[in-house]
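Number of protein chains: 4
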Amino acid sequence: MRTPIDPELIARHNASLERDLKEDYQHLGAVLARRGVDLDEVTGRIRRFAVAIPSWGVGTGGTRFARFPLAGEPRNVFEKLEDCAVIQQLGRATPTVSPHFPWDRVEDINGLRDTARSYGLGFDAVNSNTFEDLPGQLSYKFGSLTHTDRRVREQAIAHNLECIEVGKKLGSRALTVWIGDGGNFPGQQDMTRALERYLESMHPIVAALPEGWRAFIEHKLYEPALYTTVISDWGTSFICASQLGPNVQCLVDLGHHAPTTNIEQIVARLIQFQRLGGFHFNDSKYGDDDLDTGSANPFQIFLVFNELVDAELRGAPGFAPSYMLDQSHNVTDPIESLLESAVALQRAYAQALLVDRKRLREAQEANDALLANRALHSAIESDVEPAIRMARKLNGGAIDPVAVYRASGYRRAKAEQRPQELTGKAGIV
Amino acid sequence: MRTPIDPELIARHNASLERDLKEDYQHLGAVLARRGVDLDEVTGRIRRFAVAIPSWGVGTGGTRFARFPLAGEPRNVFEKLEDCAVIQQLGRATPTVSPHFPWDRVEDINGLRDTARSYGLGFDAVNSNTFEDLPGQLSYKFGSLTHTDRRVREQAIAHNLECIEVGKKLGSRALTVWIGDGGNFPGQQDMTRALERYLESMHPIVAALPEGWRAFIEHKLYEPALYTTVISDWGTSFICASQLGPNVQCLVDLGHHAPTTNIEQIVARLIQFQRLGGFHFNDSKYGDDDLDTGSANPFQIFLVFNELVDAELRGAPGFAPSYMLDQSHNVTDPIESLLESAVALQRAYAQALLVDRKRLREAQEANDALLANRALHSAIESDVEPAIRMARKLNGGAIDPVAVYRASGYRRAKAEQRPQELTGKAGIV
Amino acid sequence: MRTPIDPELIARHNASLERDLKEDYQHLGAVLARRGVDLDEVTGRIRRFAVAIPSWGVGTGGTRFARFPLAGEPRNVFEKLEDCAVIQQLGRATPTVSPHFPWDRVEDINGLRDTARSYGLGFDAVNSNTFEDLPGQLSYKFGSLTHTDRRVREQAIAHNLECIEVGKKLGSRALTVWIGDGGNFPGQQDMTRALERYLESMHPIVAALPEGWRAFIEHKLYEPALYTTVISDWGTSFICASQLGPNVQCLVDLGHHAPTTNIEQIVARLIQFQRLGGFHFNDSKYGDDDLDTGSANPFQIFLVFNELVDAELRGAPGFAPSYMLDQSHNVTDPIESLLESAVALQRAYAQALLVDRKRLREAQEANDALLANRALHSAIESDVEPAIRMARKLNGGAIDPVAVYRASGYRRAKAEQRPQELTGKAGIV
Amino acid sequence: MRTPIDPELIARHNASLERDLKEDYQHLGAVLARRGVDLDEVTGRIRRFAVAIPSWGVGTGGTRFARFPLAGEPRNVFEKLEDCAVIQQLGRATPTVSPHFPWDRVEDINGLRDTARSYGLGFDAVNSNTFEDLPGQLSYKFGSLTHTDRRVREQAIAHNLECIEVGKKLGSRALTVWIGDGGNFPGQQDMTRALERYLESMHPIVAALPEGWRAFIEHKLYEPALYTTVISDWGTSFICASQLGPNVQCLVDLGHHAPTTNIEQIVARLIQFQRLGGFHFNDSKYGDDDLDTGSANPFQIFLVFNELVDAELRGAPGFAPSYMLDQSHNVTDPIESLLESAVALQRAYAQALLVDRKRLREAQEANDALLANRALHSAIESDVEPAIRMARKLNGGAIDPVAVYRASGYRRAKAEQRPQELTGKAGIV
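Residue numbers (the working numbering), protein chains in the order written: chain D, 1 to 429; chain Y, 1 to 429; chain C, 1 to 429; chain E, 1 to 429.
What the hints contain is simulated information worked out from the structure, not anything from laboratory work. Note that the structure is predicted; figures quoted are calculated from it, not measured. A couple of the hints might just be wrong.
Note: identical chains are not told apart, hence a pair may lie in one copy or across any two.
To be verified - Once the Cα atoms are required to be at most 20 Å apart in a straight line, the calculated EDC-like pairs of lysine to aspartate or glutamate come out as:
| hint | residue 1 | residue 2 |
| --- | --- | --- |
| 1 | Lys168 | Asp149 |
| 2 | Lys22 | Asp383 |
| 3 | Lys141 | Glu365 |
| 4 | Lys141 | Glu381 |
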């Protein structure tokens, strides 16, 4: 296995932190034992938690106003894999990469798969892209799978079929379909016909899914379309999934809802009606801000995991969500952000595991709103950091991944090895 | 037929406005003729437009802070009918009343029906109320159809069954079920079980619907519950309707959505999947403000009617929505607000009828966003007032209903005939 | 000092929890010591933290749909004081009560003050009420301090002057002025003249403030007015305070802003320009939900306290905010909610005290967004519960206040001692 | 004067529309005369209404996901001027252009001014740009006027000073300063110090303003910064303007506020306290969508103009706002969108002029909410199109500008004359 970061460096760092970790872990164990919780059981579950890295996530993102590149960014999918390998080597929670086409298109697909393997990485859901144009193609300016022009729809369908083919070679098991189709103005789009065309276009794509594959429909309220979006909300997503087949499910991106929407309730509904495909995790304050998971509203992530853990523990039928990070790293080093974001998910998961579900249930049944709410808050007030650190260490990672990463000088080295024009590319206003 | 307002007064007022109306109508006819639109055909459709008045709407509303009563408010359902008769006599767009139980409960149901008939009024959907307590009953503090306690659920079911029985006698054809059930705090309610209980409770209610009846499920994002609401959005409403039967449909209240939600798209989706039951019309800027329809955002109403007219003209399968006003009149005379609100709906309907749908369709197919948007705006820029006034006059109403109402001295007379304690009842903080 | 809860009960409960507390406190001390933080210093600050209870907060709240009373609620200000005494006896973070007039109006003001003293309670800011009507008075239906009718304005001014007089006798040092004035419809109110009238009305009130008093202006985006509110945002509040005098400051209620507003930034601005008067603490998801502080979005409270602690530690000029809880307890026992809410504030305060401000500053100066964000998150990931419990115990309170309260049977006893009609009062729709 | 569109074409088109226009104008005149309004007076005011075109507005915009260019787009400021000339020739409401630097930077500034003059165009406010990087410059990734590094601040100050110098040569009278500075994560930025640095940086810029110039501060809630923005709201903008000097005013972009914000109230406040500098007009449903003015929510524009006209008619002290369109044309031909958007403003202005202000005032004073609201709605229900068309014709423009533009074949011709690579430039995700 190729290890982009020197394992010795990790070991040295870990050695310096182990005594404190052991002490903190012991104390946490004692605290949890009082409540009848077995810390090692929790740690075991954290160790098995995994979330995919989107290949585009290791590059610097931007806004419509500007993109400010980072020296040493990956320039192609192989360099992206190398960065993903760093994240997995240090954090041990991100064993798979979710590729995006055409951005990650290569001639030698088997070579891509083998490179990933050499880093100990696999591939998660493949993502199609029909929201931007390629030279020589018909334009997606006015839509893709829902375009009024059949030829554009056919091009978009063909692209999705190609993604499935590539995904088969890479070992993926799912296709995520997000389209930016919609309209900017009242009247621009016949909302009903657009959805009819969507369903019509999706049928051949779903029909092409190999045995064992799933298709994920990702809804989004707005952006890039700014008045109406074809797949705008979970209701539309659910109906489409229902009409398209049992292997089509809904994907929830936390930033794709109207302000004040109760997202954890949507998650609960999708679990209940067996259509929860998975997540694009991130955080946001305004719109689809694509901030680091848990950075702006950590309680939101916890409330989502509260539903997920409840479903896991009660054995909800058909419950098998796929997890992916989907963030835009505009002002941080993407590797650091992704490391911390995976930890944020582990934290929410660990906290949700600490919820005393018996007590919660009793309070709910008795309409004891205060104790029910306290049952959740007690869980987040615990300091679960020692469990997460211990899980990571036991998995072979770094106790403090960002510290090791910074000490490794990885980005500085890449800045030299990956020369590129660093001019702040003018944005779009 | 009993006519609370002196027909002579209406006739005199109309006489003084007829010449201008005729002139304006003629000019509008000429303008529309240029576009190939037959004004008389539009006027005919306006004449047939009808929206129900909620019985509670003729009383003064309030906020949790205070209610400021109006001298002469109705004190019981018979006085409410009288006020509804005024609205219908003058406006001729509101031939039915939507009663609410237990608020409108009377011993002599047949007497109630006959009184309505004497005013030329019929009854629309019956509304059950399980969001407030009655003396001697189990409390709905923690829910009704979804309460954790079976006895409370049974009480709520029984109340809905009673509403159906009363509705049968009154000539209603639908039951509207809005529940305030939900939770104020994360954790308070198991969102999944609550919805299971809802479905379980609704089955016997739906089973009790007479032939030809429909049940309307009304969703609402929040309030009175302030963290999670059981029937919170159209997605949940749609799934429940689907599971409960073909005679169960979704009711859209314009104030029951998250900020920035594209409501007309929800309307289009419900039409497309044949679950649009009807509307509670009102206007809002913040939450469920229950303002007069069209007062704060008239373009929103037009966009909804643009979908409704499109469905009407294309003969969308299963399209038969029920219209009701649902407003809280805190600072106006409810009779005046309801008169104007019905006109606001007629206006949106008339404007939507003026949309050049052929041109709109062509622009949509050609992705000519500007012309498509202009096709809608051209419709609202026309002054359709003459058509609405003419329709009202032809239907036997007043050309300027509010002016006649004010001239009639109706409210002043009622202030004497309906004495009550007028102390500003302290609100709830 | 009168102690509504048996001190023996508290002592017994504390005894059973002391060993665990000591152990947890010791461990937290060790963890913090590694970071150079002195736990006892933190605990000392928590011990000195105080927030006022609003007198109306100990009663059950409601929505415009219904109010569901609780057996044993206080029926007058003396019983409210008794409940406040319970909260202070157990929680030791709420030594003052903020009275509200006319709700708390009594003949014998000195008796009221003495009763409070007998419980060890003092009085905080007095609150005027010009948003609901009293029998025999001019109506506030269309406004109070900004009414178009001078006589109504004068009545509202006189009421505020009376509040100051009562407050002087009670030992208050501030007057909080919240008005519900505004309009429900575009056009209803001339927004400019309304604000002119506000300033005109406030001048005599401010002039009547005794030496050492402050007036707090409380802004709110909407409700009860549903289109425009006279004092709608911090910008308006700031300008008014600036024009009215140096002893007029802005009060921030966390639920009074538009969705997605960055409230902590408003707090920072008001501190910077020396106009932060204080807070009405609560939590919310949609509008002015008045939920228990920290129950729905605990990170929001922390971010506010992060600004407050920064100002406290840097000695920001003129920084002396007044803290009050302002919640509506619709589904919980108000005493329990207020106990937990005060703890939520202590928690946010404690967490903010743990922020490594040197490291935060360095990260900010270096534009190290990740480490800066981590500096905040590290603080909330610590389990500060032991410090809060220890502070409470050292202050003479209960280690687990809600447990003691429940064990005391207080509410049950009051249900017998305070008989009242418990019919679910019909709400306003 | 250079006329990019053949005047003969305009004349021919106008000739074909004149008869209907005359008839419609006459009828409108008769309708308004009944209300005591002189149509010619209204038309005269519409004729004098002017709004600036932003130079960047004539190019195709985009989102962070993609930009879909239009064949024939302008490639430099001279071609932009040509497009602006088309808009002014046909629409006669946009006599000035607002330039943006460095985008419009040229060697020969006098040549630029002369070219504009040759088209009959002048220059409005100059816009500085410190939100994207230029090669060889210090990066604005972490801010400009508020950057923690003094050298970056100095570079940004110098750029603004240069803009003033260029503006002097072009005949501008104002500088618009919008910065994207802020932070993406809680903690990233010390919000207080950032604002201190802003004020410090603005002082030398304001000091450099020539006699008779104004500086406009433009606030924005979010984007590109996604957690905190330094100049985030009108409150901050107002305080900064107040501290910087009497020639510094606030600029309102309609898309820069939180959802549900009452924008017309902000406009009223800024007029009242004499700090309204001007507008960036556009429309939006979600965030800063930059849609065509009036396309998504025309009533919003009217409500703003209702305040502007009220201020104009009452002679509000210091009232002299500057108007500019600021839109992103992603799916339309920018020339068509700008033509229609200027008309949308004229429409809102005309409607606001039709408001019966005496009747409105009386209704407001009497708290007759219904009539007050009707006073506004009556104005928007009138069909003011004939007045706008007549004003345009009298000013020498086209009665139907978009029809003439399409007939002219201008864009097709430019597609040949302005060859460029048309590949859909990949966006930023």
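inquiry  = Run through the hints listed earlier and report the numbers of any the structure violates, in increasing order.
reply    = Going through the list in order, the structure violates hints 1, 4 and respects the others.
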